[in-house]
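Mapping of the sequence shown onto our numbering: position 258 corresponds to residue 258, and the numbering continues sequentially without gaps.
Warning: the hint list may mix true and false statements.
Across the chosen pairs, the derived CB separations fall in these ranges [to be verified]: (1) Arg206 with Ile492: 47 to 53 Å; (2) His338 with Pro475: 30 to 36 Å; (3) Asp161 with Phe472: 18 to 24 Å; (4) Arg445 with Leu167: 42 to 48 Å; (5) Ala473 with Gly330: 36 to 42 Å; (6) Ala476 with Asp66: 52 to 58 Å.
In case anyone wonders, no lab produced these hints; they're calculated from the structure.
Beta carbons: idealized from backbone N, C-alpha and C, even for Gly.
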Amino acid sequence: MPSANPAPRLGNVETSLAIPLAIVAVGLPTLIAFNVAPSATFLNQTAAFVGWGGFLLALSAALSRDARPKAPAAGALLAALALLVLSALVAPLWASLPWALSLSAAGTLLSAVLTVAVGASVQRADLGRAAFRAFCIALVVAGIASSAIGLIHVFAPDLADGEWIALAATPGRASGNLRQPNHLSSLLLWSIVAAIWLGETKLLHRTAAMLLALVFLYVVMLSGSRTGALGMLTLAGWGLLDRRLSFGMRLLLLLSPVSYALSGWATGAWAAAGDQLVVGTSRLGGSSGNFSSSRVEIWSNTLALIASHPWLGVGFGEFNFAWTLTPFPGRPTEFFDHTHNIVLHLLVELGIPLGGLVLGLFLYALWKGLDHAVREGRENADAVPVQRAAFVIVFMVAVHSMLEYPLWYAYFLLPTAFAFGLLVERPDGQLIVRALAARPANGTRPFVLASMLLILGGTLSLYDYMRVVVIFAPPANAGPLAARVAEGRRSILFAHHGDYAAATLAERPGAVMKAFRRAPHYLLDSRLMTAWATALHETGDSDKASYVAARLKEFRNPQAAEFFAPCDAAAAPASPASAGTAPFQCVAPTRPLTFEDFR
Numbered sequence: 001m002p003s004a005n006p007a008p009r010l011g012n013v014e015t016s017l018a019i020p021l022a023i024v025a026v027g028l029p030t031l032i033a034f035n036v037a038p039s040a041t042f043l044n045q046t047a048a049f050v051g052w053g054g055f056l057l058a059l060s061a062a063l064s065r066d067a068r069p070k071a072p073a074a075g076a077l078l079a080a081l082a083l084l085v086l087s088a089l090v091a092p093l094w095a096s097l098p099w100a101l102s103l104s105a106a107g108t109l110l111s112a113v114l115t116v117a118v119g120a121s122v123q124r125a126d127l128g129r130a131a132f133r134a135f136c137i138a139l140v141v142a143g144i145a146s147s148a149i150g151l152i153h154v155f156a157p158d159l160a161d162g163e164w165i166a167l168a169a170t171p172g173r174a175s176g177n178l179r180q181p182n183h184l185s186s187l188l189l190w191s192i193v194a195a196i197w198l199g200e201t202k203l204l205h206r207t208a209a210m211l212l213a214l215v216f217l218y219v220v221m222l223s224g225s226r227t228g229a230l231g232m233l234t235l236a237g238w239g240l241l242d243r244r245l246s247f248g249m250r251l252l253l254l255l256s257p258v259s260y261a262l263s264g265w266a267t268g269a270w271a272a273a274g275d276q277l278v279v280g281t282s283r284l285g286g287s288s289g290n291f292s293s294s295r296v297e298i299w300s301n302t303l304a305l306i307a308s309h310p311w312l313g314v315g316f317g318e319f320n321f322a323w324t325l326t327p328f329p330g331r332p333t334e335f336f337d338h339t340h341n342i343v344l345h346l347l348v349e350l351g352i353p354l355g356g357l358v359l360g361l362f363l364y365a366l367w368k369g370l371d372h373a374v375r376e377g378r379e380n381a382d383a384v385p386v387q388r389a390a391f392v393i394v395f396m397v398a399v400h401s402m403l404e405y406p407l408w409y410a411y412f413l414l415p416t417a418f419a420f421g422l423l424v425e426r427p428d429g430q431l432i433v434r435a436l437a438a439r440p441a442n443g444t445r446p447f448v449l450a451s452m453l454l455i456l457g458g459t460l461s462l463y464d465y466m467r468v469v470v471i472f473a474p475p476a477n478a479g480p481l482a483a484r485v486a487e488g489r490r491s492i493l494f495a496h497h498g499d500y501a502a503a504t505l506a507e508r509p510g511a512v513m514k515a516f517r518r519a520p521h522y523l524l525d526s527r528l529m530t531a532w533a534t535a536l537h538e539t540g541d542s543d544k545a546s547y548v549a550a551r552l553k554e555f556r557n558p559q560a561a562e563f564f565a566p567c568d569a570a571a572a573p574a575s576p577a578s579a580g581t582a583p584f585q586c587v588a589p590t591r592p593l594t595f596e597d598f599r
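Taking the hints into account, I'd like the entire structure generated from these sequences.
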């Protein structure tokens with residue numbers, strides 16, 4: 001095998017640029033507490049796009065011109081992502097997905113394509129170790145900062161100001177500045193992997209690495225995330241199977257479920273004795289909420305949609321639209337915009353043939369990546385394997401994706417894509433020999449340009465987003481509301497937010513029917529469904545109005561109580577025969593309808 005560091009040039013980039021850029025790319029998005037309506041995560045995601053653009057630019061500049069992904073696994077992974085990009089771009093042509101949502105999804109997926117391609121190219125050029133080192137340092141920095149915030153949430157909540165330190169999502173529960181306990185737990189699980197790898201490479205003292213891992217593990221427990229608890233099993237599996245790790249690290253990993261449980265028990269006992277609120281410890285035993293109730297219901301509904309639309313699915317990005325407008329009397333009462341299972345989500349939106357192909361490509365890439373990780377550990381006895389740690393990172397987020405949707409957030413998608421890129425490629429001896437014999441090239445030009453476009457795109461998206469922010473959080477000198485809404489509806493990527501405002505603020509929703517062409521395809525909630533049903537009734541389509549009202553009633557949402565009050569007051573019989581006298585929301589439509597009728 002080639003030497004572990006054949007290209008000093010990346011070493012120079014790493015020490016001067018790659019490490020700080022990696023910290024900006026990985027760490028900064030997880031630490032931004034301040035956000036502005038209508039999105040609670042937009043600034044975090046924009047920071048991820050811009051930060052990763054900078055990090056990928058530094059790596060791309062260090063690659064030779066002929067460094068390209070070539071391994072079958074890399075090709076499979078890139079093909080899967082390319083199919084998703086194509087699906088996003090085609091969706092407006094047949095499934096009525098608004099172009100704003102289509103372009104946003106396609107841009108996000110293209111950033112993942114670039115990240116995978118650069119990661120795979122770095123690995124092929126045998127520069128993966130230096131790049132992964134910077135990546136792990138960034139994860140540890142993010143883990144340290146996020147752990148401190150999590151500890152504040154539980155033990156010193158008064159220090160959280162909502163600007164620099166986010167308010168806890170639930171009092172007594174660690175949630176970090178991402179404001180989601182499950183996201184905090186997944187980030188810290190990655191940080192544990194990174195700390196252990198850095199300890200094994202001796203960039204961190206092993207004792208320090210083990211202590212950091214234990215701190216991260218403790219805050220995962222404080223998050224009360226059951227997804228995080230499952231992550232302990234992944235860590236234990238790593239410790240059991242990877243004999244290249246030192247004895248101390250393997251022992252720490254093997255005992256991580258025990259450490260997790262004991263720390264939860266001890267903290268719970270201390271909290272009970274001192275009347276301290278620590279939600280995470282109570283959730284360990286299942287005493288708070290039901291882990292599976294809503295998920296089982298949404299999975300059951302999803303399977304029904306797959307059965308009714310097996311070939312083409314309901315359309316890319318259209319799960320919420322299709323699910324909300326399909327009768328499910330026993331549906332969960334939350335307004336889900338995701339199935340909380342990536343397998344079901346791809347199958348329901350793309351259909352079984354295309355969704356199955358995409359999943360098959362992903363699984364093939366993951367399987368081959370595992371083979372690469374095993375071979376790397378056997379072939380290079382002098383270096384701590386990169387790909388084994390990368391596999392654990394990818395596998396952890398895959399487990400999380402079976403219960404949540406972390407990959408719908410750029411600050412999880414792009415790190416996963418980078419680790420996956422490192423995993424699916426093998427060092428190319430001929431490429432490395434040519435790189436050693438020649439002067440360093442000026443970088444891989446397409447990757448350099450694409451990275452610059454990612455920085456530019458992320459920056460411009462911030463400008464575009466501000467066109468809708470003024471609707472929901474107007475500055476002191478803001479213009480009239482109508483003018484702000486009109487400007488928001490001209491946004492390239494966020495026009496649906498402007499449409500939502502137009503639809504829900506109008507005195508007569510029927511006068512703004514154009515707003516309902518886009519807004520319902522983002523997220524249907526009580527306010528929007530009430531306005532939509534009213535608008536349909538005002539424009540003479542009482543059947544559709546009654547159908548939307550019937551779907552809204554299935555959610556049993558308190559916000560819709562006023563809308564359905566006339567039904568209770570008049571005790572109107574819900575039959576088509578009474579449609580002439582009873583309010584439209586109290587009667588059934590006279591003809592069968594499906595969600596396709598509303599596209």
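Against the structure, the hints come out as follows:
no.: 1; hint: Arg206 with Ile492: 47 to 53 Å; verdict: holds, 50 Å
no.: 2; hint: His338 with Pro475: 30 to 36 Å; verdict: holds, 33 Å
no.: 3; hint: Asp161 with Phe472: 18 to 24 Å; verdict: holds, 21 Å
no.: 4; hint: Arg445 with Leu167: 42 to 48 Å; verdict: holds, 46 Å
no.: 5; hint: Ala473 with Gly330: 36 to 42 Å; verdict: holds, 38 Å
no.: 6; hint: Ala476 with Asp66: 52 to 58 Å; verdict: holds, 56 Å
The structure is consistent with each of the numbered hints, conforming to all of them.
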